[in-house]
Every structure is written in C-alpha cells, then in structure tokens.
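Please model the complete structure; the sequences and the hints are all you need to start from.
Chains as they are written, first to last, in this note's numbering: chain A, 151 to 447; chain B, 3 to 291.
No lab work stands behind these hints, which were simulated from the structure alone.
Check the hints yourself; a few may be wrong.
[Said to hold, decoys possible] According to the in silico footprint, chain A covers these stretches of chain B (three or more CB under 8 Å from chain A):
#1 91-104
#2 229-239
#3 244-257
[What the hints assert, rightly or not] Some, not all, of what chain B presents toward chain A, calculated at C-beta under 8 Å:
#4 16
#5 49
#6 272
We treat Cβ as the ideally placed atom computed from N, Cα and C, and that holds for glycine.
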Amino acid sequence: MRADWRGAQARAGWAFLAPALILIGAFFVLPVAAGLGLSFTDFDIYAIGDPGVARFTGAGNYAQVLREPEFWNALRNTLYFVAVGGPLTILASLAAALLVNDRRARWKGLFRVVFFTPVVTTLVAVSIVWRYLYHPHYGLIDEALGLLGIHPIDWLGDPHWAMPAIMVLAVWKNFGYTMLILIAALQNVPEELYEAAALDGAGGWARLVYITLPALRPTLLFVGIITVIGQFQVFAEPYVMTQGGPLRSTATVVLYMYEQGFRWWHLGLATAIAFILFAIMLAATLVQMRLQRGAER
Amino acid sequence: MLFYRRDLLARAGVATPPVTWEGWRAAMEAVEQRAGPDQYAILMPVNEWFPLMILGLQTGSPLLDVTSGRGQFSGPQFRRAFDFYLDLFHRGLAPPVSNNQVANVYQEFGRGTFAMYITGPWNLGEFRNRLPAALQEAWSTAPLPGPDGPGRSMAGGSSLVVFRQSRHRDAAWRLIEFLSRPGQQARFYQLTGDLPARREAWRDSALAADSGARAFDEQLQRVVPWPKIPEWEQITSLLQDEAERAVRGVVPGDSALAALDRDVDRVLEKRRWLLARARADRPAGEGAR
Numbered sequence: 151m152r153a154d155w156r157g158a159q160a161r162a163g164w165a166f167l168a169p170a171l172i173l174i175g176a177f178f179v180l181p182v183a184a185g186l187g188l189s190f191t192d193f194d195i196y197a198i199g200d201p202g203v204a205r206f207t208g209a210g211n212y213a214q215v216l217r218e219p220e221f222w223n224a225l226r227n228t229l230y231f232v233a234v235g236g237p238l239t240i241l242a243s244l245a246a247a248l249l250v251n252d253r254r255a256r257w258k259g260l261f262r263v264v265f266f267t268p269v270v271t272t273l274v275a276v277s278i279v280w281r282y283l284y285h286p287h288y289g290l291i292d293e294a295l296g297l298l299g300i301h302p303i304d305w306l307g308d309p310h311w312a313m314p315a316i317m318v319l320a321v322w323k324n325f326g327y328t329m330l331i332l333i334a335a336l337q338n339v340p341e342e343l344y345e346a347a348a349l350d351g352a353g354g355w356a357r358l359v360y361i362t363l364p365a366l367r368p369t370l371l372f373v374g375i376i377t378v379i380g381q382f383q384v385f386a387e388p389y390v391m392t393q394g395g396p397l398r399s400t401a402t403v404v405l406y407m408y409e410q411g412f413r414w415w416h417l418g419l420a421t422a423i424a425f426i427l428f429a430i431m432l433a434a435t436l437v438q439m440r441l442q443r444g445a446e447r
Numbered sequence: 003m004l005f006y007r008r009d010l011l012a013r014a015g016v017a018t019p020p021v022t023w024e025g026w027r028a029a030m031e032a033v034e035q036r037a038g039p040d041q042y043a044i045l046m047p048v049n050e051w052f053p054l055m056i057l058g059l060q061t062g063s064p065l066l067d068v069t070s071g072r073g074q075f076s077g078p079q080f081r082r083a084f085d086f087y088l089d090l091f092h093r094g095l096a097p098p099v100s101n102n103q104v105a106n107v108y109q110e111f112g113r114g115t116f117a118m119y120i121t122g123p124w125n126l127g128e129f130r131n132r133l134p135a136a137l138q139e140a141w142s143t144a145p146l147p148g149p150d151g152p153g154r155s156m157a158g159g160s161s162l163v164v165f166r167q168s169r170h171r172d173a174a175w176r177l178i179e180f181l182s183r184p185g186q187q188a189r190f191y192q193l194t195g196d197l198p199a200r201r202e203a204w205r206d207s208a209l210a211a212d213s214g215a216r217a218f219d220e221q222l223q224r225v226v227p228w229p230k231i232p233e234w235e236q237i238t239s240l241l242q243d244e245a246e247r248a249v250r251g252v253v254p255g256d257s258a259l260a261a262l263d264r265d266v267d268r269v270l271e272k273r274r275w276l277l278a279r280a281r282a283d284r285p286a287g288e289g290a291r
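Structure follows, in structure tokens:
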C-alpha cells in the first residue's frame, strides 16, 4: 500500500519533470552529444554533400588543433583579453556602482541609465562609431591625445594596440550589466554596519575594505565568473572591428572556431575547438571558486 | 581592373594608363613624388587577397595543381608576382593598411589619399554615386597592366549551377539559358549595373557608350578563372595572412610562400584522399568529381 503510493508519487514527479527533461534532452543533451561525436570525425564541406566521405579520426582533430600555431595564437590573444579585460570590467563596474550608490550622489537614476545604455545598444552600430573614434586621422581619441602632444596611434591598425583598443570597447560595452548586479548587492548591505564603523572612527577607505568588499564577496565571485565566461567567448567585437587582424593579433578562440566551422566548413575541427574551449573555461571557473574558498578561510 | 585618378596621374606626367608592370611602377613613383604626406600611389588593402592573386595569375602561375592537390605558390611565377607586390609596399607606393583603417574608400579616393585602386565592375556605380560631381571627370578605369604587356585579370563573379540531385534540372537549365541570352544580360545591366558575362551583350548600345565599362570590355578579353574547389575560401585567407606577414616585415617573402604552400597542402589533404579514392574506384578516363 505504502509502496504503491510511493510509486504513484514517483510517476507523478516524472510526469511533471518530463516537459523540462524532454526540452533539455532535445535542445541540450542531444546537440552536445552530436557535437562530441562530430569532433571525432573530419566532417567538412565534402561530407555535407555526401556524408559517406566523413572519416572517423579519433582524437585527430584535438591533436591537430593543439599542433596548430594559429590556435595557440588565438588562445594567447583570448587569455590576454580575459586577464586584462576581466579585472578592468569588474573594477569599472565596482567603481561605477559605488559612485551611483553613494548617499551623496545626485541624479542616480540618470547615471544608472547612462552607464547601462552601452549594454543595450547594438554592437555593430556601436563598433562603427568606435572605428571612427579610433581612426588615426579623423578619430576623436587621437585628436585628444594630440592636445597632450602624443603622436596619433593607429589603434586598430597596429598589431600591438589593436587588442587593447578592443578591450576598452568591450569594457565600455559590458560594465553596465555587472554594475547593475553590484548595485543590487550594495543595497543589501545593512546601513547599521556603516554607522557602527563610523562611530568607531573608520574612514571611507576602511569602510570600503572592511565592510563593503566582504559583504560583496559572494556577488563579486558570481560577477567574476560570468564576466570571465563571457570574455572567453569574445567574438563579436573582433569580428566586426578587425576580423582578427592586423597580423591576427585580435583573432580569438571563438573567432578561429567560427572561421574553421562556418567559413571553411571544417565542422569536425570546429567542434573539437569548442570542446577544448569548454574545458579551459571549466578549469578557469574552478580555479576562481577555489581561490574564493581559500580567501574565505 | 584599375580605377584611377586621371587628374593625379596627369599631374605626375602620366597621360595614358600604364600597360606593363615596369610602366605601372614608374607611374606610381611619379604620382608618389607629387603626393603629400599620408598620400599614396595605390591602395592594396592587406586584408584583400585578390590584388595579389591577380598578379599571380598574370605571371601564369597555376596557384594550385588541382589534379595533384598541391599548392604552387613557391613556384617561380608566383614568386615573381609576390616580389612585385611586396616591392610596392617597400617603396612606400602602397600603405600597409587594411580596408578597416581606410574607413571609407570612396571618400579617400576623392581626397587623393591614393590615386589607384584595384577593384571590380560592381564599384562602377558606387564611384559614380559617391564621388562628388566635380570629380566625375577626374577618374577612370583601365585594364590591368601585366608583367610584359596588357595583363590578365581574374574572372570573378558568381556561377550559376544546377544541382546534380535536383528534381528540376531541366527547368533550372532553361532558366540559366534564359538568363544568359545577350538581350537579358543587357537588360540586367540596365536594371542593376551588373556587367554581362557574354560578349554578345556588350554590343548593346548602352554599354558601348559607357566609358567606365569600356575598360572592362577590353579586360574581359584577357581573364582567367581561379581554381574552382571548395577549399578556395580558406586558401585565400591563408594567402592574405602570409602576405600581410611579409608586407609588415615579420617574415621574408621566401618563407611566407613556403609556409603558404605547406598550409595549402594540409588544407588539401582531404581533397587528395578523395581524388585517390575516385581514381581507385573508377575506370581510367573518367574525371574526379
């Protein structure tokens, strides 16, 4: 009797779960499994016409990707982007959140909108404007630097400056989103803590270091992880601004994957790149969580 | 096809467009001497592959050996084209920039930032629409100069194809036939500005009177198609990347071409395998697919 009732309950549970499970299965598990399978073949443009000519290559694609200098170049560029652009995004959004959330700040709503606007604009439109900002002859940025006596820099045409230029664009485009999350977290910090600290004679810096940052720690971890995950997948910015140039200095892993998959139709190789990138991102996330746990102890 | 500023060439003492590479380079030197700072004789963006590919076709380079599936870029013919190409950058006649940095080709052409530009007939209408009225008399088009006389160019554009497995092959073929009639092609040109592929259509009065198009008519007598293989897209990217490295002086020209052949051979591995399989499967005399 009791077992029967349990069985019925389990069946009901499965029935309620079924829609979600079917969706996840059809749109996540199956494609990922198919992708994994594809990454062990040399599926390419010939195989699109005649699947019979796809060959099973085992780990061949993975070995080839790891041998490809162009992949390492793309990985190096991506790590550069993540290592500099990631902290910059978080610093910028933290600074903006603190400013906008300060009790003394006026027109908070306006500033919040202004800082958040880049997030909701279309990247393609924005990048055209930024391409002009960066232009060595007509660009506002070089014009301003010229007033300081600095020679014009060909931001997007110089292999050394192109990546930093794209980082600045990406930080500007994305910091508003993380800022919003941090503002929400800041509003949850109890006001009494600040009052108590002020009574004890803590200055602004001490309150930031000993109250605000510890209170924000879980949020900062979350923000850090989503920022890094997002930045490992950087694609649109270099794709529209530089197409990976000059000298492939802004080619990123996802851009390289896109080229392999959708320009040159090496779909097997492209899926192998996707799985390698997934492994790298997973490792980076685990390291971040481990660091955070270490800091808590 | 060479689009050029007639006024800038005339100012430099070049009355007629050059015909040989030698004359071309001399004309560019002359234009460059009169040019201001940040002005160049020619624009060949380092992220465009076709100017270099055309120079290679002009010297008679096969680019690839399609039957054996191997790159032929380090051969002497392509080598000659590559040397000529690199030399234009090293002499400062062409700026080592991509067309991202140019921002607006038409505007810069109008400003005289460069006096020549290699592009195709689709730009005839653009140059007419986007250049100011005052400059309309100041530019023209000419067939490309060649290594030792009027040069070849690339038969670009798109192809009409019929799928082997289509259920409507006859209808598709009839459509292609219809679109290829000289009358239809002339009409198409009137509607879109797309130049006709058939010689007969060029006798159409509108085209015969069109000065910008006349140079294309002449060039069409000397065109070569590029190898029709699916890997072509990737090969052009490889060529572009290696050429950019050589232009910017990261690697010497020799090593760039050797690296290019190595990469192209790797890209064509699948094709060689398919060709070998087809040869093994089929009796001799029947070509590969």
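To see whether the hints hold, each was checked on the structure:
no.	hint	verdict
1	91-104	holds (count 4)
2	229-239	holds (count 5)
3	244-257	holds (count 4)
4	16	violated, 27 Å
5	49	holds, 6 Å
6	272	holds, 6 Å
When the structure is compared with the earlier hints, a violation turns up for hint 4 alone.
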